[in-house]
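Novice: Protein chains in written order, with the numbering used here: chain A, 1 to 395; chain B, 1001 to 1266; chain C, 2001 to 2567.
I should point out that these hints are in silico values taken from the structure, not numbers from a laboratory. Source: prediction; values computed, not measured. The beta-carbon is built from N, C-alpha and C at its ideal position, and this holds for glycine as well. Hints are supplied without guarantee of correctness; some may be wrong.
DSS-like mimics (lysine-lysine), calculated; alpha carbons at most 25 angstroms apart, straight line [unchecked claim]:
| no. | chain 1 | residue 1 | chain 2 | residue 2 |
| --- | --- | --- | --- | --- |
| 1 | B | K1085 | B | K1235 |
| 2 | B | K1074 | C | K2108 |
| 3 | C | K2062 | B | K1092 |
Computed Cβ-Cβ distance ranges for the label pairs, DEER-style [as the list claims (entries may be wrong)]:
| no. | chain 1 | residue 1 | chain 2 | residue 2 | range |
| --- | --- | --- | --- | --- | --- |
| 4 | C | A2322 | A | T335 | 28 to 38 angstroms |
| 5 | C | A2243 | A | K127 | 40 to 50 angstroms |
| 6 | A | Y132 | C | P2531 | 49 to 59 angstroms |
One-sided and incomplete, this derived list gives chain B residues near chain A with beta-carbon spacing under 10 angstroms [said to hold, decoys possible]:
| no. | residue |
| --- | --- |
| 7 | F1084 |
| 8 | K1255 |
| 9 | R1258 |
| 10 | V1262 |
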Amino acid sequence: MTDYRQKYKMTPVVGWLLNDRGGMTLLAILIAAAILVPVGNLLVPESSAFHVPTWMVSLLGKYLCYALLALSVDLIWGFCGILSLGHGAFFALGGYAMGMYLMRQIGDRGVYGDPILPDFMVFLNWKELPWYWYGFDMFWFAIVMAMFVPGLLAFVFGFLAFRSRVTGVYLSIITQAMTYALLLAFFRNDMGFGGNNGLTDFKDLLGFSLQSDGTRAGLFVASCVFLGLCYIVARGITQSRLGKVLIAIRDAESRVRFTGYRVEYYKLFVFTVSAVMAGIAGALYVPQVGIINPGEFAPALSIEIVIWVAVGGRGTLYGAVLGAFIVNYAKTFFTGVMPDFWLFFLGGLFIAVTLFLPKGVIGAVPAFGAADRQSLFTTWRKRVAERRANEGGKA
Amino acid sequence: MSEAAVIETGASDEPQVKSARAETILYVDGVSVTFDGFRALNNLSFYVEPGELRAIIGPNGAGKTTMMDIITGKTRPDTGDVLFKSEIDLTKMDEAEIANLGIGRKFQKPTVFESHTVFDNLLLACSGGRGVFQALFHRLSDAEKIRIEKTLITIMLEDKRDEMAANLSHGQKQWLEIGMLLMQEPELLLVDEPVAGMTDSETEETAKLLRSIAKDRSVVVVEHDMEFVRDLDCKVTVLHEGSVLAEGRLDHVQKDPRVIEVYLGR
Amino acid sequence: MRNDILSVLRRSPFSMCKMHEIATRVMGALGFVVVLAAFVPDTAQAFSDEELRNIAEQLDDKSATKKVAVIEEMAADGDPRVAPILKAMLDGDLYVRDSDEHVVIATKKGKVYTHIDIVSGEVAGESSSKELSKIKINNRLRGALRDALATLNLFSPDLAVRSAAVEQIMDARDPAMLPLLLRAIDREEDETLLARMQLAEATMALAAGETTDERLAAIAVLASETTPQIRAVLSQFVSSAEAEGYQPEVVAAAKDALASVERRLSTWQTVGDVYRGISLGSVLLLAAVGLAITFGVMGVINMAHGEMIMIGAYTTFVVQQALAPFLSSGSAWSLAISVPAAFLVAGAVGVVIERCVIRFLYGRPLETLLATWGVSLVLQQAIRSIFGATNQQVTAPDFMSGAIEFSTGLVLTYNRLWIILFSVIVVAGIAAVLRYTAFGLQMRAVTQNRRMAGSVGIRTGYVDALTFGLGSGIAGIAGVALSQISNVSPNLGQTYIIDSFMVVVFGGVGNLWGTVLGAFSLGIVNKFLEPMAGAVLAKIFVLIALILFIQKRPKGLFALKGRAVEA
């Protein structure tokens, strides 16, 4: 592959974007979608073959949020080897922040007509708005919180976990415990987040009705934009020296320590960034699906995110986006046509991808450097053999 | 056992200990560590002087790797002092801090970043800012580039510059790891079995490499291979059951009856 | 006389609230009981046949108030023939026969009513419904009938009926019952029941007692008891005693008694918490111990572990269904057969999973985790497709139903006790297999040094498969036990998987005793938190505590140290 950086002495940002065939393809598709889908929905008449129905705009918008979530998981798993089984928690927290804003926007149009308190609080006989609901009547505050809260949780959790060097499956298990604890907590009515039912019956966002086609198209465009921006940020991180350190941590953590890097800070940084991205994805998701409930914290959903990344191809970023689209399209398809088959398919996918496609779909496409990866695959086989031999030798 | 070592290094009385400390780059004194009832190190004491090349030998289980773990902060000793440059207490620091002080370590098993090119491996080891944000906004300077190219020549891998480290041979990985240590510009290098699995010619090259490295820094080499230790031509410390058994020139320690017993007794 | 009693009640130690309650009752039905109880002669079967027939005929009076009075009168007598009459009236089976105006109990069979004479208790003819007119009752009468029946039950020849009546009186603590109770005490011959009656008497005497001595005596009786009921009686008395300004020694004695009852109760509470904790711990242990083998010994993260438990539970269900025609319900045999069956079925599934999936993934724990999660989804859906998504019913054998109940409120159910015992047996069995069998030796050898084990002739692949099979089989056995206490549904495994992992991680990987300790300490901590914080919050606290604990001891309570754990 030509190294454009050296060839044209370009600024690094342009350089690593041009070097990235998959990423360029992704960005081009996103730009095209951000223009064509709203046009097809709003301007092309319904009779036309090019008309994009509103349900499809919402569905694609939802997929884009999932794609952003997958991107955030790939950033830590693909590049730093941190397998989080609790990323759904950050997504849901972002979603709840947005949901709280949307709840406050309902105002006195709720069933009980209370100008301040959301319906479920009136129902529970609450007299006052809990302190943590303050400020969520302002859009900017909700957006900041949608990023800050997941980021803060990731920072605290990561600080504790990485400092004491909880790695590998142990980390996976405690991230799962984290989201499980949040699931239980958010189910409680006392938490003040609507308990079992979550937050729903939203009316409008920044004054635009959530039911209108225009708002939906707008949310779709916003999803495209944020996915593109987050892709660029993630790509920038992975291409920097920091990204190289992350990959080095993934491959040989103790070597990195002995080279003088504070591994925990690097992990903490990327984990927090990833959680913020997941939070953004959640905030974009909620107005498009119209509900957020504790079910989003379910550990099973968090594990499903990982398979999106694995299907697409971990460690490539755009692969995660592709994987999210493939698996979620399959989900929409199967749950519509033969719901009983969906779990067989998903389960089979988990097994098949880990056994036969360790580099995902992207790894199997020659245009994205499959030839190169083929050799990586063989070296991987070699490494497994080596490791098994060493396992014996060490003890 | 350690008495012998103390007498040999002439640090048996107070004033001399102080002077010994003043001159040492590495001062290990009375270090013991126990794993689940097994005493891996037992009152281990020895000193390394600045600029010295030292070989450490000993049978399996003598505590060589554990000693390295303690110096580099991977394992905390139960008792004892480990001082760098006579004053910095290493027992309270973690691996990264110790590495940044200027102590480099090569593992028994060659450990390089397999998904990076040889060039990037050296770049990552390159001394300089280790902070997260420094790394995020780091841009390769010409000076760094020149240093990396020089090191590539030193470790005889200049033609493998853009090769993935995973594709190197075992010996080349060993060299790359030594090269990475050089990029860190350490004052003290700890090298664990650098010639394990190398061909004879590679072993010879490696000995040459280590001798040249030792010209401007202190190097401690742990090794089994007696030929290689002879090639290094330096002072030798013999470890046995977690303490120093003997110390001195190779031909001197080889005549020591206890050393003979430990090696032949097995 | 009635006024006298009322005035006694007014002077008696009741709070205003209690006074109001009594006043209301006096206005209503129960006032009569007080009156009547005072006149009750001290012999049973006071009614002659004629009297009984006459008084029963008055039950057909138009006025409900009059009817109530009659009911009370009949009940107060203690005649054993009264109870069936009142019971029939409550059930709507009491009629007046048009032909002779006699009151009869009539039971319907098809269109024919069989008459039973209320005096002799013998069949006295048949008729259609036309010849009978029902004695009507309303809710007020129903209440009066129930009260009257309770009174009568005190004199029932059946010991169990009498005990139940005493408990009912204890709960109601109606001072009006005191005279009846005293009469019952005179006649009672059963020692245990007598003690209960005296306790009941004391609770009422405490409320109705007038002199300091009476109160102190009642307090002394109550102070030796240890039940939540008595605590309630005493604390109620303490507050009313303070409000009414009783003699200081009475208040002090009552307070002392209350304190000592509370002290003993809280000890029992702790015992109960520990028991419940051990009970939960044994469930966690059963769920986790198979995982301790696959994760701890082999280093394999088996996310399908919960589904192995589920398969064990479904095996129990299938075995029970298959054996249903041959065994009486509640037989222990179906469970006895389920245990080996579940072990074999789950173990076989485990071996298949190991051979088909996991063996390709050794050394890649994260990939193993994902692949086995996939396996778990497939197994769940398979079970759902075969058996449906609804819960299946597994009936408990007779020896597992029932409970040991203590008066202190502690209930030890037999199924929990058996599960505790069962978990101990399972763990002991595993420890024995690992330690004393050739397979256990080979397994430990492969764990410690795969290459060396291979070169001394151990078939490592074979050992891997069997080890995984063993872990899965044990999960299956756990499923048999869990089918007795939780719903057998396709989601059974999911409810246990996170807890199981927590136990293993907390206890320390590769250490069976760590798992045991981990399970029991998590169970007990959880149950101690529950009364304070509620079940959900307790669970959340435990999860958070575990997350923090792993920071301190990343490898669990009993981690191996040293160089060997490096990789």
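Novice: Can you give the numbers of the hints that this structure goes against, from lowest to highest?
Specialist: 2, 3, 5, 6, 7, 8, 9, 10
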